[in-house]
Amino acid sequence: MKLLSASGRVAYVNYEPANFQLQNDTFLSSQSSGKQKRPNNIENEGGDKYPKFRAASRSTGAVTLDDASYHELTAAPRDYHTVVLLTALDSRFGCDVCKMFQPEWELLSRTWSKAKLGDSKLVFGTLDFLDGKGTFQQLKLQTAPIVILLPPSSGPGSGNKPARYDFSSPVTAEQMHLWISRHLAGVPTPKLVRPINYTRMMGMLIGMLAVISLITVSSKYVVPILRSRNLWTALSLLAILLFTTGHMFNHIRKVPYVAGDGKGGISYFAGGFQTQFGLESQIIAAIYGVLSLGSIALAMKAPRILDPQSQRVTVILWSAVTWVMYSFLISLFRVKNGNDSREKYRPTGINRKAMIMP
1 MKLLSASGRV AYVNYEPANF QLQNDTFLSS QSSGKQKRPN NIENEGGDKY
51 PKFRAASRST GAVTLDDASY HELTAAPRDY HTVVLLTALD SRFGCDVCKM
101 FQPEWELLSR TWSKAKLGDS KLVFGTLDFL DGKGTFQQLK LQTAPIVILL
151 PPSSGPGSGN KPARYDFSSP VTAEQMHLWI SRHLAGVPTP KLVRPINYTR
201 MMGMLIGMLA VISLITVSSK YVVPILRSRN LWTALSLLAI LLFTTGHMFN
251 HIRKVPYVAG DGKGGISYFA GGFQTQFGLE SQIIAAIYGV LSLGSIALAM
301 KAPRILDPQS QRVTVILWSA VTWVMYSFLI SLFRVKNGND SREKYRPTGI
351 NRKAMIMP
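Heads up: the sequence shown begins at 1 in this note's numbering, then just goes up one per residue.
Keep in mind that the hints were calculated from the coordinates and are not lab data.
Treat the hints with caution; some may be incorrect.
Stated by the list, open to error - Quick list of in silico lysine-lysine cross-link-like pairs, BS3-like style, CA-CA up to 30 angstroms:
id	residue 1	residue 2
1	Lys99	Lys52
2	Lys191	Lys220
3	Lys140	Lys99
4	Lys52	Lys220
5	Lys191	Lys114
6	Lys49	Lys133
What the hints assert, rightly or not - Using C-beta positions, here's what the derived DEER-type ranges look like:
id	residue 1	residue 2	range
7	Leu226	Ala286	37 to 47 angstroms
8	Val321	Pro224	28 to 38 angstroms
9	Leu209	Lys140	28 to 38 angstroms
10	Val324	Ile215	23 to 33 angstroms
11	Gly134	Pro51	25 to 35 angstroms
12	Gly159	Pro256	55 to 65 angstroms
13	Pro170	Asp131	16 to 26 angstroms
14	Phe273	Tyr326	13 to 23 angstroms
15	Ile305	Gly207	23 to 33 angstroms
16	Gln175	Gly278	22 to 32 angstroms
17	Pro156	Trp179	18 to 28 angstroms
18	Ile215	Trp323	40 to 50 angstroms
19	Ile330	Thr275	13 to 23 angstroms
Glycine included, every Cβ here is placed at the ideal spot set by N, Cα and C.
Please model the complete structure; the sequences and the hints are all you need to start from.
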């Protein structure tokens, strides 16, 4: 058997190509019915096995299995439900999903093991590939991890169907708890409660104290900056420019940044007023920004200049910039209209002949 790893999952390539693909119902039905070959030293009564495995799982929550104990746990007759995780935790296999799910599995099995559910009988087991190569080969498994759930062969719950859970992504203990509960019809299930992570709480407390200390020490430098009118003016102007030029529209509609014009070139502006391109909104924001600076300079900065010559040059310069940028903005409206607005809105003139009285 050759081991391969791909995308964090362990692949087992069987040397029998004809039996490479395993049908789910094949091994589940055989495990449920107890028709598989069993060792000779296995007890014949299912009631004798449950206390044994229950005691073995009392400390860890899940019984650590090998080939022999797996067959003993799943062999009929049995009067208990069985949930087994088939995994591959060795670092040589590169199964990241196996390693990520293992603490979730331990939390789930410990919760079930410590719960007092009366006559509810459920045994958790963990079979690693290194300890159960024969079982993996017998079941013709191609991936890991896999969770199988087997109902009792007799007694309450024997009418339930066996189930198999294949992993396509990391799974939490809550998700696995929900899956198991859904397949245990009529069987009481415990409530899953995660233990308090004191290490994380201590880390958060230390982080909060560090932030408070940093704010206290740097307050004499940070507070003047936060009280700066120029800072809040710049931030407010930036926010206004972003939202008035369609920044949220771009994110909601997922508009393209630019598009082709059908002639081998690039179109920077979308025709019509129902859509726009990403670069188009940035160009409009830049135009609005320059117009805002021109208005601020003419209204607030120019009157404060004491030198008449410098004041005159400043006024002429910013007036020219405002005029050019506003003309460019109007030309963009013509592009958005899809035609020449001057032709559309040009006056038709007066028919002087019609004004002559007969």
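Range agreement (Cβ of proline 256 with Cβ of glycine 159, hint 55 to 65 angstroms): Distance hint for glycine 159, proline 256 holds at roughly 57 angstroms.
Cβ distance range 25 to 35 angstroms for glycine 134 and proline 51, holds or violated: Taking Cβ atoms as reference, glycine 134 and proline 51 lie about 26 angstroms apart, which means the hint holds.
Pair hint outcome, lysine 99 versus lysine 52 [Cα-Cα no greater than 30 angstroms]: holds, 28 angstroms
Range hint 13 to 23 angstroms (beta carbons of isoleucine 330 and threonine 275) holds or violated: Holds: the Cβ-Cβ distance is about 20 angstroms, inside 13 to 23 angstroms.
Phenylalanine 273 versus tyrosine 326 beta-carbon gap, inside 13 to 23 angstroms or not: At roughly 19 angstroms between Cβ atoms, tyrosine 326 and phenylalanine 273 fall inside 13 to 23 angstroms, so the hint holds.
Hinted pair lysine 52 and lysine 220, Cα distance within 30 angstroms: violated, 68 angstroms
Tryptophan 179 and proline 156 - C-beta distance against the hinted 18 to 28 angstroms: Holds - the Cβ-Cβ distance for proline 156 and tryptophan 179, about 20 angstroms, lies within 18 to 28 angstroms.
Range hint 28 to 38 angstroms (beta carbons of leucine 209 and lysine 140) holds or violated: At 56 angstroms between Cβs, range violated.
Glycine 207 and isoleucine 305 - C-beta distance against the hinted 23 to 33 angstroms: violated, 51 angstroms
Pairwise beta carbon distance, valine 321 to proline 224, judged against the given window 28 to 38 angstroms: Between valine 321 and proline 224, where Cβ atoms are some 32 angstroms apart, the hint holds.
Leucine 226 versus alanine 286 beta-carbon gap, inside 37 to 47 angstroms or not: At 28 angstroms between Cβs, range violated.
Range hint compliance [Cβ, glutamine 175 to glycine 278, 22 to 32 angstroms]: Given about 38 angstroms between the Cβ atoms, the range is violated.
Hint compliance for this structure: hints 2, 4, 7, 9, 10, 15 and 16 are broken, all remaining hints hold.
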